[in-house]
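Residue numbers (the working numbering), protein chains in the order written: chain R, 1 to 249; chain P, 1 to 284.
Quick caveat, the hints were computed from the structure, so don't treat them as lab data. Treat the numbers as computed from the prediction; the structure is a model and nothing was measured. Hints should not be assumed to be uniformly reliable.
Pair ranges (Cβ atoms, derived) [said to hold, decoys possible]:
id: 1; chain 1: P; residue 1: L29; chain 2: R; residue 2: P37; range: 55 to 61 angstroms
id: 2; chain 1: P; residue 1: I23; chain 2: R; residue 2: P17; range: 41 to 47 angstroms
id: 3; chain 1: R; residue 1: K60; chain 2: P; residue 2: T12; range: 48 to 54 angstroms
id: 4; chain 1: R; residue 1: R7; chain 2: P; residue 2: R280; range: 43 to 49 angstroms
id: 5; chain 1: R; residue 1: P37; chain 2: P; residue 2: T12; range: 45 to 51 angstroms
id: 6; chain 1: R; residue 1: A75; chain 2: P; residue 2: I86; range: 32 to 38 angstroms
id: 7; chain 1: R; residue 1: K92; chain 2: P; residue 2: W115; range: 32 to 38 angstroms
id: 8; chain 1: P; residue 1: H100; chain 2: R; residue 2: R7; range: 28 to 34 angstroms
id: 9; chain 1: P; residue 1: R167; chain 2: R; residue 2: M77; range: 39 to 45 angstroms
Counterexamples of contact, computed for chain P against chain R with all Cβ distances above 10 angstroms [claimed, not checked]:
id: 10; residue: P99
id: 11; residue: L144
id: 12; residue: L169
Some but not every residue of chain P turned toward chain R, in silico, with C-beta under 10 angstroms [as the list claims (entries may be wrong)]:
id: 13; residue: S138
id: 14; residue: R167
id: 15; residue: R170
id: 16; residue: V172
id: 17; residue: T173
id: 18; residue: A175
id: 19; residue: L192
Virtual Cβ for every residue (Gly too), placed ideally from N, Cα, C.
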Amino acid sequence: MRSLSVRNLNVWYNGQPALKNVSIDFPSGQITAIIGPSGCGKSTLLKSLNRLQETNDQTKVNGQVLLDGANIYDARMDVTEVRTRIGLLAQKPFPLPMSIYDNVAYGPRIHGLAKGNLPEKVQTHLQAVGLWDEVQDRLKAPAVGLSVGQQQRLCLARTLAVEPEILLCDESTASLDPISARGVEELLRSLRGHYTVVMVTHDIDQAKRLADHVVFMWLGELVEHAPAAQFFNAPSHPLTQQYLAREIG
Amino acid sequence: MNRQKMRKLEETFFTWLMRFCLIGAGAILTIILWVIASRGLQGLSWEILTQPPEGSFYLGGGGGILNAIMGSLYLATGATILASFIAAPVVLFMHVYAPHSKFAHGLRLALDIMWGIPSIVYGAFGFAIMVAIGLRASLLAGILTLTLVIIPILARTYDEIVAMAPRDLRDVTLALGSTRLEYLGVLLRQTLPGLLTALLLAFGRAIGDAAAMLFTAGYTDNMPDGLLRPVASLPVAVFFQLSTPFPAVQARAYASALVLTTIILVVSLLAQWTMRRLGRHVIR
Ligand SMILES: Nc1ncnc2c1ncn2[C@@H]1O[C@H](COP(=O)(O)OP(=O)(O)OP(=O)(O)O)[C@@H](O)[C@H]1O
Ligand SMILES: [Mg+2]
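Required output: the full structure, derived from the provided sequences and hints.
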């Protein structure tokens, strides 16, 4: 099991701070949910955890993200390896310009993970996200032809196919119908114990259902971080109390 | 007048204005095609399409323009292929490894300037180099010169197409642990139909060029017979035929132009068909 910690992380967009001195330890093998109002920096934090933030050239990142104690921002770190080990499922579903099959097969192919059993691998991952029955007879069809909810599940399968050690999910159920959303929740729950999962959600009830730990953010700052039971039953910070009571945000 | 009426009037006025422009553009195109087709069909015959010229061709004698048809196809195809192997990697490199860089900015400026240089200047430039290295007017020299003419067209057109690729494509591809080179491959897939459009534009420009060919490819009544031998081309054939005082030969100039137009039409249709097939996977 991999440990992931953040130390004094600051991120700016065009000189405007988006994350202010965030420090946190994500418990291994557990699900941590990040909640907070829109624009508070949840996606920015997630993208900083696997160095995807730096593909935006208006941005500046400063601080440490420790994967098993090694800083991923260290000059000796191989950025593609970081992104392979820490998978990120983006907020918007975005298929690659290829077939449904090739989307899932893409990661195993570039990382050499498929030793002659690529079709089985693709099938396993598509089954895991509950997409197999819907697409098994059109695997060669373009992935753009899928509905938004199907695309989101395809993207999840694609991320899992890379076999990351840590999974970052940015509002992965926001564009899904309730049934598929439950399916993805089931999947995330089944990953508990095997993966360290960090998920962003707008849905407080979903955080209650899934999370072992909850992080509350406000205007780029980490306000409160606690085990789920304590967080929801006895939040300590006034902002958290107001947010949970839906008075702010 | 009230606001609703004003808006309706505005709408009607601009709709008619646009219709007027459309009709104008359509009319000009139709007239050009009509002149080429009607005059060209008079000069067109099976003989002209299937034979190289005989000695007295430019005086109204027998033979045809097969030498120029084949020459033009060789020249334009060669130049388009060569230019694509230079322009496409440069454009993709620019977008993947050096976006928003001074290098990219400078390169775009240079290509824009190259685009505006008249092709006769490329011809003169090519000729100067040929003299320096002792190369005669030939298919090879023609292809190399045409390549220079169309690189800016190909590169800048493809550049604009790649620039339209969604930004998220970069993020999701890199998020899967791709190297930048692997992302370049995905970007190529996404923009393949656009690359084809750019190739088509460049091919059309290459096959229609006369000025650069005059010095560098030369002209011959023989069929193309080697990279280092002179080669005929349709635009230069049109030029020679139109310069004669004989109406029968001038009619053949229009027939040659008709053949040229038809080649471009066929290539466009082929490209459209391929684009539809390639475009299936493109993310919009
Ligand atoms: N590419 C960008 N350029 C400039 N500013 C940005 C950019 N992306 C995000 N920001 C700003 O950074 C702040 C944090 O954005 P972020 O996307 O991380 O918020 P979020 O918590 O994920 O919001 P949401 O819940 O709406 O997804 C916001 O104020 C946003 O406007
Ligand atoms: Mg977000």
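Exercise for the section: Please name the hints from earlier in the document that this structure breaks, with their numbers sorted from lowest to highest. Expected result: 2, 9, 10, 12, 13
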